[in-house]
Amino acid sequence: MSAESGGTSVNGLLHRCCVAIMLLAVAVVLPIGVAAYEVVDVQHGGTIEGIVTLSGDLPEPKGFNLITFPDPVYCGRISNGRGWRLLYDFVVDSHRGLKDAIVLLEGVESGKPFDLSVPLIEARDCKFEPFMTVVRNGHAVEVINMDPVMHDIQGYETSTEAGNRVLFNTPLIMNHQHRRGDLYAMHNHAPGKSLVGPVYLNKGRRTFYMQCGFHAYMESWAMAVNNPYYALTDAAGKFVIDGIPPGTYQMVVWHPQTGPGTTKFVVVKPDGKLIERLSLPAPKGNRTAYQVMDNPRFGLESLGHSIDIQPVVETQQ
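If you're matching positions, the sequence shown starts at 1 in this note's numbering and goes up one per residue.
No wet-lab data here; the hints were simulated from the structure. Do not take every clue at face value.
Said to hold, decoys possible - Just the calculated beta-carbon pair ranges, DEER-fashion:
# : residue 1 : residue 2 : range
1 : SER306    : LEU116    : 32 to 40 angstroms
2 : THR68     : LYS238    : 20 to 28 angstroms
3 : HIS139    : TYR88     : 27 to 35 angstroms
4 : VAL266    : PHE114    : 14 to 22 angstroms
5 : LYS264    : VAL166    : 14 to 22 angstroms
6 : ASP57     : VAL196    : 39 to 47 angstroms
7 : ARG165    : THR262    : 31 to 39 angstroms
The model shown is predicted, which means the values in this text are computed figures rather than measured ones. Note that the Cβ used here is the ideal one computed from N, Cα and C, for glycine as well.
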């Protein structure tokens, strides 16, 4: 076997193994005893719209010293200009509207079509996008690398009651045409091979958390939904859920950084509209492990030579 064909076989085997891991391991959870959802013609459906705000002091973004992670120059394309990458896990507008909260209705067993497209999570500029999404039992999720550096996907399922469980740890392959670490790559080239696999939901947990094992500031979250009556809040914290069959349901409001979230019962009347103003509490206390320092122990000279980190894509504040 030639070296070239051997390399191809190894790469093919690695990709098949990665896909197999995704097929077997990606798991988020549904509550025990969820009935199968049935599509019906909804007559006189109602609507819930509103806003989710963040109460309490807005937490500072998490800070990560780029020199302590691989690829500091490339990943520093998004940074504060002083060698730190910031993770804005709370995004609010001037009226405290909270982006990326999920609002969903539990107990809806039949209703409008449940057409959830395959969630696509991209690694772009050393950042998983989107930060928050939803998944559905038995349906696919796709993860793809748009960067000229390697990433390492670590997936966990988690809940307040059951705790965390590691699901998988697999490399996210970059496209072989990339010039590794190309600082000025604009992502108009072919992505690396994607990892695609169905999400099998196990009882006991219902949230999925993904982090890059090389770059800890790369996070993505998902919640399992079992019906189409959900919404992700926009940049102003607003949401709309429509076509709801009349009835009484439990409404869940959740954000990955605010704990278990909040719940309340709502009554949807025929052709009715509910206006809801909802709130989630900001976590209290300092996240000291993630504070930006002006003079960190490991600075840009720590490797014995100067590291020039330029935020050519985004200068974070």
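Quick rundown of the hints versus the structure:
no., hint, result
1, SER306 to LEU116: 32 to 40 angstroms, "48 angstroms, violated"
2, THR68 to LYS238: 20 to 28 angstroms, "38 angstroms, violated"
3, HIS139 to TYR88: 27 to 35 angstroms, "29 angstroms, holds"
4, VAL266 to PHE114: 14 to 22 angstroms, "20 angstroms, holds"
5, LYS264 to VAL166: 14 to 22 angstroms, "33 angstroms, violated"
6, ASP57 to VAL196: 39 to 47 angstroms, "41 angstroms, holds"
7, ARG165 to THR262: 31 to 39 angstroms, "25 angstroms, violated"
Going down the numbered hints, you'll see the structure goes against 1, 2, 5 and 7, while the others check out.
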